[in-house]
Amino acid sequence: MNLYEFEAKNIFAQYGVPIPPSKLITRPQDLNKIFFGYPLTLKCQVLTGGRGKAGGIKFAKSLAEAQKIAPELLDLEIKGCKTQSLLVEPKLNITNEYYLSVTLDRELGVPVFIATSEGGVEVEQAKNVVKMPIHFPYSAFLTRTLAYKIGLNGEALNKFASIADKLYQIFIERDLDLIEINPLVAVEGNELLALDGKIVVNDDSLMRQPYFAGWLESHLVDLPKVERLAKLHGVNLVELDGDIGILCNGAGLTMATMDMVAEFGGKPANFLDAGGGSDQAKTLAALELVNKNPKLKVILLNILGGITACDDVANALVEFVKAHSNVKLVVRLRGNNQEKAKEILSHYNVKLIPDLEEAVKTAIALAS
Amino acid sequence: MILVNKDTKVVVQGITGKMGQTHTARMLEYGTQIVAGVTPGRGGQTVHGVPVFDTVAQAVEKTNANCSIVFVPPYLACDAGFEAIHVGVSLLVVITEGIPPNDTAKLVNYANSHKVTFMGPNCPGVVSPGHSLIGIMPGSIFKEGKVGMVSKSGTLTYEIALALTEANLGQSTCVGVGGDPVKGIEYQPVLNLFEADPHTDVIVLIGEIGGNAEEKAAQYIKEHIKKPVVGFIAGQTAPPGKRMGHAGAIISQGSGTAKSKIEAFEKANIRVAKTPGQVAKLVSELIKQPAVK
Chain L
193 MNLYEFEAKN IFAQYGVPIP PSKLITRPQD LNKIFFGYPL TLKCQVLTGG
243 RGKAGGIKFA KSLAEAQKIA PELLDLEIKG CKTQSLLVEP KLNITNEYYL
293 SVTLDRELGV PVFIATSEGG VEVEQAKNVV KMPIHFPYSA FLTRTLAYKI
343 GLNGEALNKF ASIADKLYQI FIERDLDLIE INPLVAVEGN ELLALDGKIV
393 VNDDSLMRQP YFAGWLESHL VDLPKVERLA KLHGVNLVEL DGDIGILCNG
443 AGLTMATMDM VAEFGGKPAN FLDAGGGSDQ AKTLAALELV NKNPKLKVIL
493 LNILGGITAC DDVANALVEF VKAHSNVKLV VRLRGNNQEK AKEILSHYNV
543 KLIPDLEEAV KTAIALAS
Chain B
5 MILVNKDTKV VVQGITGKMG QTHTARMLEY GTQIVAGVTP GRGGQTVHGV
55 PVFDTVAQAV EKTNANCSIV FVPPYLACDA GFEAIHVGVS LLVVITEGIP
105 PNDTAKLVNY ANSHKVTFMG PNCPGVVSPG HSLIGIMPGS IFKEGKVGMV
155 SKSGTLTYEI ALALTEANLG QSTCVGVGGD PVKGIEYQPV LNLFEADPHT
205 DVIVLIGEIG GNAEEKAAQY IKEHIKKPVV GFIAGQTAPP GKRMGHAGAI
255 ISQGSGTAKS KIEAFEKANI RVAKTPGQVA KLVSELIKQP AVK
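Going line by line, the protein sequences match chains L and B. Residues 193 to 560 in our numbering are what the first sequence spells out, letter by letter. Residues 5 to 297 in our numbering are what the second sequence spells out, letter by letter.
Since the hints were derived computationally from the structure, they do not count as laboratory data. Misleading hints may appear alongside valid ones.
To be verified - Subject to a maximum C-alpha distance of 25 Å in a straight line, what follows is the list of computed BS3-like cross-link-like pairs (lysine-lysine):
| id | chain 1 | residue 1 | chain 2 | residue 2 |
| --- | --- | --- | --- | --- |
| 1 | L | Lys534 | B | Lys147 |
| 2 | L | Lys225 | L | Lys283 |
| 3 | B | Lys110 | L | Lys323 |
Since this is a predicted model, take the numbers as computed values, not measurements.
Please construct the entire structure, taking both the sequences and the accompanying hints into account.
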């Protein structure tokens with residue numbers, strides 16, 4: 193789950209990471225209540241990157257100018273994401289910019305600090321990037337080593353290290369995939385401030401993070417509608433642009449089925465992995481989700497029962513067929529309780545094809 | 005045959021839960037030595053005739069279990085893994101899906117420092133057909149034989165095993181390493197075990213988009229593995245930037261594509277199958293001429 197900049201900064205503030213003064217507004221008239229002095233920075237709150245390049249950050253020298261800019265920014269859509277609100281901050285006199293983040297490195301299997309003294313740009317393009325693995329047990333001296341390695345000394349070294357230490361605490365305590373400050377800026381008087389903030393909360397951890405309870409639905413705005421619905425049902429759906437709906441259990445088998453459809457000349461309409469151990473209700477919900485696609489011509493269901501019981505799937509299919517008798521279905525069901533499933537489906541007009549290649553080719557023929 | 009055999013004695017952590025009960029019954033039916041179960045507070049009960057203990061320590065003391073399989077819910081699974089490693093099992097198989105990756109990272113570290121083989125999480129387990137099945141795979145689709153399989157995906161492994169079995173190509177051992185981005189055992193140690201295993205003639209490596217484990221495995225195969233390898237990569241039609249079911253299956257910033265993995269395979273003289281069914285065809289060709297590499 194991606195957070196908005198203002199939400200990330202609220203968390204920064206709770207942990208003592210210094211941030212500039214700011215105010216969140218949703219209407220231009222709220223500018224009257226802001227007393228930071230001018231010039232001001234106005235920033236679109238959207239759940240996507242590339243905001244600066246897309247014109248989502250503007251400066252205003254006066255209230256009049258801010259009042260002209262605010263409505264334009266509030267109407268701005270960036271990469272399909274509507275601007276929800278504006279974060280207004282005083283424009284700072286920046287003397288230096290840094291990049292700092294903590295994320296889990298999948299190759300090393302441990303969290304890492306990533307830092308560079310070339311902040312403000314995309315970190316992928318910076319040259320002197322320091323990546324420091326955080327082995328267990330963590331201790332704060334690592335953050336001083338990190339600050340030293342990116343070329344800091346004196347007071348700045350200690351300030352940078354203290355912020356890095358706090359980011360790591362947030363990363364662990366809030367179960368994050370990523371916490372990033374880009375840029376972390378030095379301003380006159382040698383203060384370090386988080387000018388921007390990005391937090392990605394780990395989706396699998398949401399249920400044990402009461403702080404984020406109820407946040408998910410309002411933070412899926414960057415996803416297409418059906419994908420959002422699927423996520424709320426606990427199934428993995430990715431929309432594609434073909435006409436053959438795909439429903440399988442297990443990520444690898446779903447991808448392999450998609451690939452086979454393409455290999456034999458068909459076009460997958462979606463990826464849907466109903467997951468292991470799907471029961472009747474979840475399978476039915478998954479079928480309904482696939483069926484929402486207006487381009488759909490046929491549904492190819494490929495289930496190999498390990499955790500999933502084929503008879504549960506068969507019962508879901510029966511319910512679906514009763515409600516949507518016009519939808520073409522090609523079904524391949526094998527594994528646990530497959531004989532029971534066959535018996536259940538024998539009373540209905542559902543075509544069972546045990547061979548995968550034959551099932552894929554049949555679905556393609558029905559779609560064309 | 006690698007990792008598990010008829011002598012492997014298994015304790016099931018979370019045996020009284022729905023998953024634990026169901027798969028204990030199936031593993032027993034397969035012939036696996038399930039000697040104990042653990043659910044805190046349920047010590048003294050039995051599940052399908054298997055004695056339940058409150059702690060793994062008691063279970064190991066009473067039954068000499070040397071392997072643990074974990075069916076504990078996601079937020080408790082890491083602790084269950086620590087308990088099993090602390091007591092001294094030599095193989096830990098974690099089936100649970102949805103464990104926070106920061107928990108997994110800690111468990112991987114603990115397992116490594118205790119030299120315990122940790123398989124998973126979010127994996128289907130391991131089977132040496134005809135001998136022992138420790139996991140959630142449907143036993144009926146496997147057959148004893150000479151093909152060693154290692155895979156990130158559960159159901160895709162079943163699909164390919166089924167195709168092999170139907171082509172009369174049995175398997176020595178099938179290992180599911182799981183689809184999470186941070187995991188215990190990866191391809192490389194499994195490849196080493198297959199290379200040294202006299203019962204394995206051909207290796208099948210099944211991968212998917214995301215990360216670079218397949219590329220690293222290909223490089224390793226090129227340098228160290230003499231047995232013939234057949235590869236399969238799922239996700240050739242996957243769009244970038246989207247998580248395809250598994251937490252680890254995502255093409256991010258142009259890396260982790262199926263194309264890159266297939267090219268790495270081809271450079272390492274790994275025969276690449278385009279469909280699951282084709283894996284069996286390539287294996288049958290290689291098994292006829294096992295000396296050539």
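Checklist entry - Checking against the hints above, which ones are violated? => result Nothing - there is no hint that the structure violates, so all of them hold.
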